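On the provided structure of chain S, position chains C, E and Z as indicated by the hints.
Take a look at the letters that make up each chain.
Number of protein chains: 4
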Amino acid sequence: MRVGVLGAGGRVGREVCRAVADAPDLELVAAVDPGMAGIDLRQVAGIDAPGLQVASTIDELVRAEAEVAVDFTVAPAALANLRWCAQHGVHAVVGTTGIPDEAVEELRGRFEQSSANCVLAANFAIGAALMTRFCELAAPFMDGVEIIELHHDGKRDAPSGTALQTAARVAAAREAAGLGWPPDPTEDLVLPGARGGRAPGGIRVHAVRLPGLVAHQEVVFGAVGQSLTIRHDAYDRSSFMPGVLLAVRQVASRPGLTLGLGPLLGF
Amino acid sequence: MRVGVLGAGGRVGREVCRAVADAPDLELVAAVDPGMAGIDLRQVAGIDAPGLQVASTIDELVRAEAEVAVDFTVAPAALANLRWCAQHGVHAVVGTTGIPDEAVEELRGRFEQSSANCVLAANFAIGAALMTRFCELAAPFMDGVEIIELHHDGKRDAPSGTALQTAARVAAAREAAGLGWPPDPTEDLVLPGARGGRAPGGIRVHAVRLPGLVAHQEVVFGAVGQSLTIRHDAYDRSSFMPGVLLAVRQVASRPGLTLGLGPLLGF
Amino acid sequence: MRVGVLGAGGRVGREVCRAVADAPDLELVAAVDPGMAGIDLRQVAGIDAPGLQVASTIDELVRAEAEVAVDFTVAPAALANLRWCAQHGVHAVVGTTGIPDEAVEELRGRFEQSSANCVLAANFAIGAALMTRFCELAAPFMDGVEIIELHHDGKRDAPSGTALQTAARVAAAREAAGLGWPPDPTEDLVLPGARGGRAPGGIRVHAVRLPGLVAHQEVVFGAVGQSLTIRHDAYDRSSFMPGVLLAVRQVASRPGLTLGLGPLLGF
Amino acid sequence: MRVGVLGAGGRVGREVCRAVADAPDLELVAAVDPGMAGIDLRQVAGIDAPGLQVASTIDELVRAEAEVAVDFTVAPAALANLRWCAQHGVHAVVGTTGIPDEAVEELRGRFEQSSANCVLAANFAIGAALMTRFCELAAPFMDGVEIIELHHDGKRDAPSGTALQTAARVAAAREAAGLGWPPDPTEDLVLPGARGGRAPGGIRVHAVRLPGLVAHQEVVFGAVGQSLTIRHDAYDRSSFMPGVLLAVRQVASRPGLTLGLGPLLGF
Numbered sequence: 001m002r003v004g005v006l007g008a009g010g011r012v013g014r015e016v017c018r019a020v021a022d023a024p025d026l027e028l029v030a031a032v033d034p035g036m037a038g039i040d041l042r043q044v045a046g047i048d049a050p051g052l053q054v055a056s057t058i059d060e061l062v063r064a065e066a067e068v069a070v071d072f073t074v075a076p077a078a079l080a081n082l083r084w085c086a087q088h089g090v091h092a093v094v095g096t097t098g099i100p101d102e103a104v105e106e107l108r109g110r111f112e113q114s115s116a117n118c119v120l121a122a123n124f125a126i127g128a129a130l131m132t133r134f135c136e137l138a139a140p141f142m143d144g145v146e147i148i149e150l151h152h153d154g155k156r157d158a159p160s161g162t163a164l165q166t167a168a169r170v171a172a173a174r175e176a177a178g179l180g181w182p183p184d185p186t187e188d189l190v191l192p193g194a195r196g197g198r199a200p201g202g203i204r205v206h207a208v209r210l211p212g213l214v215a216h217q218e219v220v221f222g223a224v225g226q227s228l229t230i231r232h233d234a235y236d237r238s239s240f241m242p243g244v245l246l247a248v249r250q251v252a253s254r255p256g257l258t259l260g261l262g263p264l265l266g267f
Numbered sequence: 001m002r003v004g005v006l007g008a009g010g011r012v013g014r015e016v017c018r019a020v021a022d023a024p025d026l027e028l029v030a031a032v033d034p035g036m037a038g039i040d041l042r043q044v045a046g047i048d049a050p051g052l053q054v055a056s057t058i059d060e061l062v063r064a065e066a067e068v069a070v071d072f073t074v075a076p077a078a079l080a081n082l083r084w085c086a087q088h089g090v091h092a093v094v095g096t097t098g099i100p101d102e103a104v105e106e107l108r109g110r111f112e113q114s115s116a117n118c119v120l121a122a123n124f125a126i127g128a129a130l131m132t133r134f135c136e137l138a139a140p141f142m143d144g145v146e147i148i149e150l151h152h153d154g155k156r157d158a159p160s161g162t163a164l165q166t167a168a169r170v171a172a173a174r175e176a177a178g179l180g181w182p183p184d185p186t187e188d189l190v191l192p193g194a195r196g197g198r199a200p201g202g203i204r205v206h207a208v209r210l211p212g213l214v215a216h217q218e219v220v221f222g223a224v225g226q227s228l229t230i231r232h233d234a235y236d237r238s239s240f241m242p243g244v245l246l247a248v249r250q251v252a253s254r255p256g257l258t259l260g261l262g263p264l265l266g267f
Numbered sequence: 001m002r003v004g005v006l007g008a009g010g011r012v013g014r015e016v017c018r019a020v021a022d023a024p025d026l027e028l029v030a031a032v033d034p035g036m037a038g039i040d041l042r043q044v045a046g047i048d049a050p051g052l053q054v055a056s057t058i059d060e061l062v063r064a065e066a067e068v069a070v071d072f073t074v075a076p077a078a079l080a081n082l083r084w085c086a087q088h089g090v091h092a093v094v095g096t097t098g099i100p101d102e103a104v105e106e107l108r109g110r111f112e113q114s115s116a117n118c119v120l121a122a123n124f125a126i127g128a129a130l131m132t133r134f135c136e137l138a139a140p141f142m143d144g145v146e147i148i149e150l151h152h153d154g155k156r157d158a159p160s161g162t163a164l165q166t167a168a169r170v171a172a173a174r175e176a177a178g179l180g181w182p183p184d185p186t187e188d189l190v191l192p193g194a195r196g197g198r199a200p201g202g203i204r205v206h207a208v209r210l211p212g213l214v215a216h217q218e219v220v221f222g223a224v225g226q227s228l229t230i231r232h233d234a235y236d237r238s239s240f241m242p243g244v245l246l247a248v249r250q251v252a253s254r255p256g257l258t259l260g261l262g263p264l265l266g267f
Numbered sequence: 001m002r003v004g005v006l007g008a009g010g011r012v013g014r015e016v017c018r019a020v021a022d023a024p025d026l027e028l029v030a031a032v033d034p035g036m037a038g039i040d041l042r043q044v045a046g047i048d049a050p051g052l053q054v055a056s057t058i059d060e061l062v063r064a065e066a067e068v069a070v071d072f073t074v075a076p077a078a079l080a081n082l083r084w085c086a087q088h089g090v091h092a093v094v095g096t097t098g099i100p101d102e103a104v105e106e107l108r109g110r111f112e113q114s115s116a117n118c119v120l121a122a123n124f125a126i127g128a129a130l131m132t133r134f135c136e137l138a139a140p141f142m143d144g145v146e147i148i149e150l151h152h153d154g155k156r157d158a159p160s161g162t163a164l165q166t167a168a169r170v171a172a173a174r175e176a177a178g179l180g181w182p183p184d185p186t187e188d189l190v191l192p193g194a195r196g197g198r199a200p201g202g203i204r205v206h207a208v209r210l211p212g213l214v215a216h217q218e219v220v221f222g223a224v225g226q227s228l229t230i231r232h233d234a235y236d237r238s239s240f241m242p243g244v245l246l247a248v249r250q251v252a253s254r255p256g257l258t259l260g261l262g263p264l265l266g267f
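Chains as they are written, first to last, in UniProt numbering: chain S, 1 to 267; chain C, 1 to 267; chain E, 1 to 267; chain Z, 1 to 267.
Hints were generated in silico from the structure; no laboratory data involved.
No experiment lies behind these values; they were computed from the predicted model shown.
Be aware that one or more of the hints could be misleading.
Stated by the list, open to error - Here are the in silico distance ranges between beta carbons for each label pair:
#: 1; chain 1: Z; residue 1: Glu65; chain 2: E; residue 2: Gly256; range: 56 to 64 Å
#: 2; chain 1: C; residue 1: Arg83; chain 2: Z; residue 2: Pro192; range: 56 to 64 Å
#: 3; chain 1: C; residue 1: Gly89; chain 2: Z; residue 2: His152; range: 55 to 63 Å
#: 4; chain 1: S; residue 1: Ala172; chain 2: E; residue 2: Ser56; range: 48 to 56 Å
#: 5; chain 1: S; residue 1: Val104; chain 2: Z; residue 2: Pro192; range: 53 to 61 Å
#: 6; chain 1: S; residue 1: Leu189; chain 2: Z; residue 2: Gln43; range: 55 to 63 Å
#: 7; chain 1: S; residue 1: Trp181; chain 2: E; residue 2: Asp59; range: 44 to 52 Å
#: 8; chain 1: Z; residue 1: His152; chain 2: C; residue 2: Asp22; range: 31 to 39 Å
#: 9; chain 1: C; residue 1: Asp40; chain 2: E; residue 2: Arg63; range: 33 to 41 Å
#: 10; chain 1: E; residue 1: Ala176; chain 2: S; residue 2: Ala23; range: 49 to 57 Å
#: 11; chain 1: E; residue 1: Ala176; chain 2: S; residue 2: Ala177; range: 47 to 55 Å
#: 12; chain 1: E; residue 1: Ala176; chain 2: Z; residue 2: Ser56; range: 41 to 49 Å
#: 13; chain 1: C; residue 1: Glu112; chain 2: E; residue 2: Pro24; range: 53 to 61 Å
#: 14; chain 1: Z; residue 1: Gly262; chain 2: C; residue 2: Asp22; range: 51 to 59 Å
To be verified - Here chain S is said to cover these stretches of chain E; the calculated rule only asks that three of the stretch's residues, wherever they fall, bring their Cβ under 8 Å from a Cβ of chain S:
#: 15; region: 28 to 35
#: 16; region: 136 to 145
#: 17; region: 188 to 196
#: 18; region: 205 to 211
#: 19; region: 223 to 237
We treat Cβ as the ideally placed atom computed from N, Cα and C, and that holds for glycine.
In isolation and in its complexed conformation, chain S is listed as follows (with noise of 0.2 Å):
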């Protein structure tokens, strides 16, 4: 299978590229990243795809004959390199965050009705897709439960998408076995915030942001007399290349757009 990556020179692209040379069964025949167009990607990023330099233009895809583009760009990007490769015939497996709800509608339309294509996740570490699942099924038969996120001082948005997601998913599982709410008992708060963010459907979400801390969440949950912990601890960027590669080679029989990796590990 012949795989473009969109945002090669960047620190997740260049970790594709790498992941996607040295997978016996994928070839990398595209580089695309508009600011270092002309590098040689195996000298700064020790890649051994022979030959390779990064392009500048996703027009690339077509004159390398690429099946499948993997995205990790930025939003506004992602966006306009989805829309043409739903229109230029390309799978596209996209990691790039950040992409409004009504884009994501919008992409789901344009490959529908286009012979390509595409899977999107917020977080392509298989471990947070389990992580995620586990909370779902565990949200029925539990009495409460609140999620804990932790990550590097470098990322300034609170709480991750991840967390986000996971409370969206937890709240529609308690909500669909008919658990409403949470209790939450706290009356005298010493503290403003102290007892975190409220996600919608109630779920308390708590950031924490420390130097050294690469990106982990924690779900606890409780019942009587018990607790229940779910914890994913995602050490380095090459822990979504497993999650990515998954994607790339099971794009091509997923009609449509799909949403998450929970659909490609069965569940």
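Leaving out everything else, chains C, E and Z in the frame of chain S:
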């Protein structure tokens, strides 16, 4: 629903008596314990079931017209009790541990031919059942896994029954996914035993025993650049009660022998 | 040493009565509780102190010739009790929370002029005192720190007194080391409160409330490429007893008012 | 201060080169690595030290007038390097592991008679040094303790050197407090090794090896009704750098051989 408790004088038994007496849809009609016959449970354990005394033999269940018996005794007593239940058409909910596999199979046969059913679980904490299930679901997607269980220093067996069961189910899930044994890199073992015990199926299990702890288990999965941790903490025997009551309410509609809480939780 | 317990009918008070009665070097000579006068503690709480009844007023301490009073009541009652102790020359060990700072200063003056001494601590769990001390020691060497406390859903104040005290001592240690406020990178706060409450001194504190939990605190420090986590779990009110007995045994040799368990542990 | 790095071509060595080059008060003047002589570190590792090349022999330190040598090599090479440093009056900061105790004693003698000093530590992460110290301080006050260390599946020795050192220091602290061996209640060991390895001094140590993990250690103390957990997570080799730079800056003022980071941190 009329409920009798076997092992009513024990620590878990008393807690079961209390939970049944407190449940509006259940009635505590018999309390059996050979060593404590004639005791007023109301006085020693604050149980609100007027006139109830602890009887010494299981035949009390007949006199009291119990529909369900809950057994928290010891393995040999439980085996005799369960044969009696199958014979007398009284449903059984059993949390007694240490019943050998071949005795479980014998009981399966007896309950299949009885009008009564049986639910048998090593751990009635709903959170523990969720943990085990999630481990089974995660196993095919993660590269390695080890189990750490931590208990109070009064527990003499190691590892715990729950840890062994988790290991067995994770191993089965890995095998079904064609994963084989998790790799073990350790060559230079300075302290014998440091890498834990190897359960059937190859999973490493580590057992911690410390004063102050109650009953805890942590299952750690690893994959490229990440880990996924599923942890259950039981702080109190009360953690079993929701699971016991769930089983009491469902046992009449689950023909034959049901193993574990899983099927009652819908998986 | 002859010991009286104030608030003897409360949940912690009963536990203290039991611990004192069980200690070979201590004698439980008085149990005071206005609401429960005349109650036989032996019967309701299994306390082995023959003939001991619950009296309704603190004057019982005189009659019983108590040398030390242990107070687990509520703030206003404790304040009156402690004034009485200072006046009557009875040493005091106090675990009642919520006594205002200015009242503590008043008591310091009274005990400095009394033949009796006082040990006052918000948390008598020795492990919690160690946690707080270690946080203070770690603070100068780590770049950032946040506090997560987790309690059962019956706790109405947030954050906990222990969390606030930890935050204050960590902030003082950072300031003494010239570290200033920990940096906070968050700009885009999707949910108000998600980044927790900011304690005086700048430390972020997050409070989780869930059914089933007991009393837990986790302090996470971050520095280049690493984190250091110090966690205390109290599973039971019994966790206070070793600290209470330690204070009872040492109070006579600690002139004036001693704040916290630290000095009794040698730091 | 002029610094040379021995083992400059290795993974930690490169990181040290980078950290030294980036520190405004330090100058990277020599990089030694037999296997990589002539390599331009600037190109392969982005190190900004103009004109610096990797030399093949330690004599380069003389030519470059290095005041401090940092050694991250392998035990036999390090031993030769350190003898050379003691002889030539170059201070040494050593993170190479596996140097036998008797060789350490030999080096102690050599540096005591040299104008140069040596700081040798098995783990340069400041958080790990704090963890070990806190364990030592907690040991006398807690009833029991076990150590769990978790590392990536490329680590072949078990348990880790840090775990063994922690066990030794905790055992010494317990013995000094007259506590004797922690009790072990386990009688019925279903899986050999499940209770971990017993370090000299009696502490149980459990070693987990999983793909994806980096370097983690958790020390769990138990006492009546509570537990205290001290955990260090190293996510990256960068976690060593602050400790290495601290040692480089202090080594000139620490006569003889200093073992561990503790003394540099003030304990």
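Which constraints among the numbered hints does this structure fail? Numbers only, ascending. When the structure is compared with the hints, numbers 2, 8, 15 turn out to be violated.
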